[in-house]
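S.K.: The residues making up each chain are set out below.
Protein chains: 2
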Amino acid sequence: MLGVTDDDDVRAANASFYAAFESGDLDAMAEVWERSDRARVTHPGWPTLHGWARVAGSWQAIFSATPFIQFVLTDEEVLVEGDVAMVTLDENILQSAGSAGGGAEELAGARVATTNVFVRGDGRWRMVNHHGSPVHRDVDPPPVER
Amino acid sequence: MLGVTDDDDVRAANASFYAAFESGDLDAMAEVWERSDRARVTHPGWPTLHGWARVAGSWQAIFSATPFIQFVLTDEEVLVEGDVAMVTLDENILQSAGSAGGGAEELAGARVATTNVFVRGDGRWRMVNHHGSPVHRDVDPPPVER
Numbered sequence: 001m002l003g004v005t006d007d008d009d010v011r012a013a014n015a016s017f018y019a020a021f022e023s024g025d026l027d028a029m030a031e032v033w034e035r036s037d038r039a040r041v042t043h044p045g046w047p048t049l050h051g052w053a054r055v056a057g058s059w060q061a062i063f064s065a066t067p068f069i070q071f072v073l074t075d076e077e078v079l080v081e082g083d084v085a086m087v088t089l090d091e092n093i094l095q096s097a098g099s100a101g102g103g104a105e106e107l108a109g110a111r112v113a114t115t116n117v118f119v120r121g122d123g124r125w126r127m128v129n130h131h132g133s134p135v136h137r138d139v140d141p142p143p144v145e146r
Numbered sequence: 001m002l003g004v005t006d007d008d009d010v011r012a013a014n015a016s017f018y019a020a021f022e023s024g025d026l027d028a029m030a031e032v033w034e035r036s037d038r039a040r041v042t043h044p045g046w047p048t049l050h051g052w053a054r055v056a057g058s059w060q061a062i063f064s065a066t067p068f069i070q071f072v073l074t075d076e077e078v079l080v081e082g083d084v085a086m087v088t089l090d091e092n093i094l095q096s097a098g099s100a101g102g103g104a105e106e107l108a109g110a111r112v113a114t115t116n117v118f119v120r121g122d123g124r125w126r127m128v129n130h131h132g133s134p135v136h137r138d139v140d141p142p143p144v145e146r
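Going down the list, the sequences are from chains P and G. The numbering of the first sequence is my numbering, which starts it at 1 and goes up by one. The numbering of the second sequence is my numbering, which starts it at 1 and goes up by one.
Mixed in with the good hints there might be a few duds.
[To be verified] Beyond 10 angstroms from chain P on every Cβ pair, some chain G residues (computed):
| hint | residue |
| --- | --- |
| 1 | D8 |
| 2 | A13 |
| 3 | S16 |
| 4 | G24 |
| 5 | T66 |
| 6 | V72 |
| 7 | L73 |
| 8 | G82 |
| 9 | D83 |
| 10 | T88 |
| 11 | D90 |
| 12 | L94 |
| 13 | A97 |
| 14 | G123 |
| 15 | G132 |
[To be verified] Chain G regions said to be covered by chain P (calculated; three or more residues, Cβ under 8 angstroms):
| hint | region |
| --- | --- |
| 16 | 27-34 |
| 17 | 111-117 |
It should be emphasised that the hints constitute simulated quantities derived from the structure, not laboratory data. Ideal placement from N, C-alpha and C gives every residue a C-beta, glycine not left out.
For reference, chain P alone in the conformation it holds in the complex:
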C-alpha cells in the first residue's frame, strides 16, 4: 500500500461522490466520474449498467425520485494499489420515502454495503464503479474460521 497522501486523496474523491449524491447535482456527479465506456454502476437491486451514458441516466432517474437523502458512512476502508483505489463502506441512509405530492414527509432508513472503485488519471481520482447492495438485517454474521 502507498502513503497517506494517496489515501487522503481517495477519501476526498469518495466524499465528493456522496456530496454530489446528497445535493442531487448531476453536474457535480459527472465531475466525480470517469465519463467513459469503462464506467459502470450497480444500484441496490438493479442490474449493472455499463458506460457513462447509462450511468448518468441512472443518476438522473434517482435524483428525480429522491427529494431528500442523507448518508452516514461507516466502516470506510481504502485500498490503494498504483493508480487504482477501492473503497468499501456501509451507507447508512436516511431518505424521504413519500411519493410525489403534498402529503406529509416520511423518512425511511436503509443500509447499503458498497464498493467504490476509482482510477487515477492526470493526477485526479475518478470513479469507474459504484456497487451498492442492500443489507438484510436478519442475516446472521457467519462463523469465523481461524
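Model the placement of chain G on the given structure of chain P, informed by the hints.
M.R.: Quick look at chain G alone, frame taken from chain P:
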C-alpha cells in the same frame, strides 16, 4: 488498458474463483484469494466482511449450506489498470433450494450482479474483493441520458 495477456490472466483467475465455488472446495477457494487483512467479501444480502479469516468463514458457511450450485456467467467485463483488475459480471445461478434431509431435490434460480477485484503480486492475480448483490427482476431499466 493493457494488453490481451493481462486480460486473459484475469479471466482465468476469475474462472478459478467460480470453479472453486461450484466444487465447494475451501482449499481451492483459498488459493484464489489474497489471504490478508485486505480481503473483503459482500455476499448477496450480507454485510461486508473484512479480512481473510472472516472471508474464509463465510465460504465455509456457504459451502456447508449449498449442496449444489452452478453458475452461468454473462456480461463479463474486465478492466485492468496496472496491478489491479476489476471484473463485473452477472452470475446466473442454479442451486439446490431444499433444506437438508432426504426430501426431493428442488432447484432455484437467481441473478446476482457482481464486482470481483484482483491484485497482482509475484505474477499472480489474487482476489481481494467479491461483491455480489441480488438483482430484482421487477426493476425497470432506467432511462438513458445521451
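S.K.: So, for every hint listed, does it hold in this structure?
M.R.: Status of each hint after checking the structure:
1. D8 of chain G, annotated as away from the interface, keeps every beta carbon of chain P farther than 10 angstroms; the closest lies near 18 angstroms.
2. At the 10 angstroms boundary, the C-beta of A13 of chain G stays outside the reach of chain P, the nearest C-beta of that chain being 15 angstroms off.
3. Non-interface call for S16 of chain G relative to chain P: holds, since the shortest CB-CB distance, roughly 20 angstroms, exceeds 10 angstroms.
4. No beta-carbon of chain P comes within 10 angstroms of the beta-carbon of G24 of chain G; the shortest separation is about 15 angstroms.
5. In this structure T66 of chain G is separated from chain P by more than 10 angstroms, as the shortest Cβ-Cβ distance comes to about 13 angstroms.
6. Look at V72 of chain G: its CB is around 15 angstroms from the nearest CB on chain P, clear of 10 angstroms, so calling it non-interface holds up.
7. Listed as outside the interface, L73 of chain G is consistent with that label: its C-beta sits roughly 12 angstroms from the nearest C-beta of chain P, beyond the 10 angstroms cut-off.
8. Not every CB of chain P is more than 10 angstroms from the CB of G82 of chain G (nearest about 4 angstroms), against its label as outside the interface.
9. Distance check on D83 of chain G: its Cβ comes as close as 6 angstroms (rounded) to a Cβ of chain P, failing to clear the 10 angstroms threshold; non-interface status is violated.
10. The Cβ of T88 of chain G does not lie farther than 10 angstroms from every Cβ of chain P; its closest approach is about 5 angstroms, which violates its non-interface assignment.
11. Against chain P, the non-interface label of D90 of chain G is violated: not every CB pair exceeds 10 angstroms, the least being about 7 angstroms.
12. Distance to chain P confirms L94 of chain G as a non-interface residue, since its nearest Cβ pair spans about 18 angstroms, more than 10 angstroms.
13. At roughly 17 angstroms from the closest C-beta of chain P, the C-beta of A97 of chain G stays outside 10 angstroms, upholding its exclusion from the interface.
14. Even its closest Cβ contact with chain P, about 15 angstroms, leaves G123 of chain G beyond 10 angstroms, as expected for a residue assigned away from the interface.
15. The claim that G132 of chain G is not at the interface with chain P is violated, since a C-beta of that chain comes within 10 angstroms of its own (minimum 7 angstroms).
16. Counting residues of the region 27-34 of chain G whose CB falls under 8 angstroms from any CB of chain P gives 0; the rule of at least 3 is not met.
17. A stretch counts as covered by a chain when three or more of its residues have a beta carbon under 8 angstroms from one of that chain; for the region 111-117 of chain G and chain P the count is 4, and the coverage holds.
Checked against the numbered hints above, the structure breaks hints 8, 9, 10, 11, 15, 16 and satisfies the rest.
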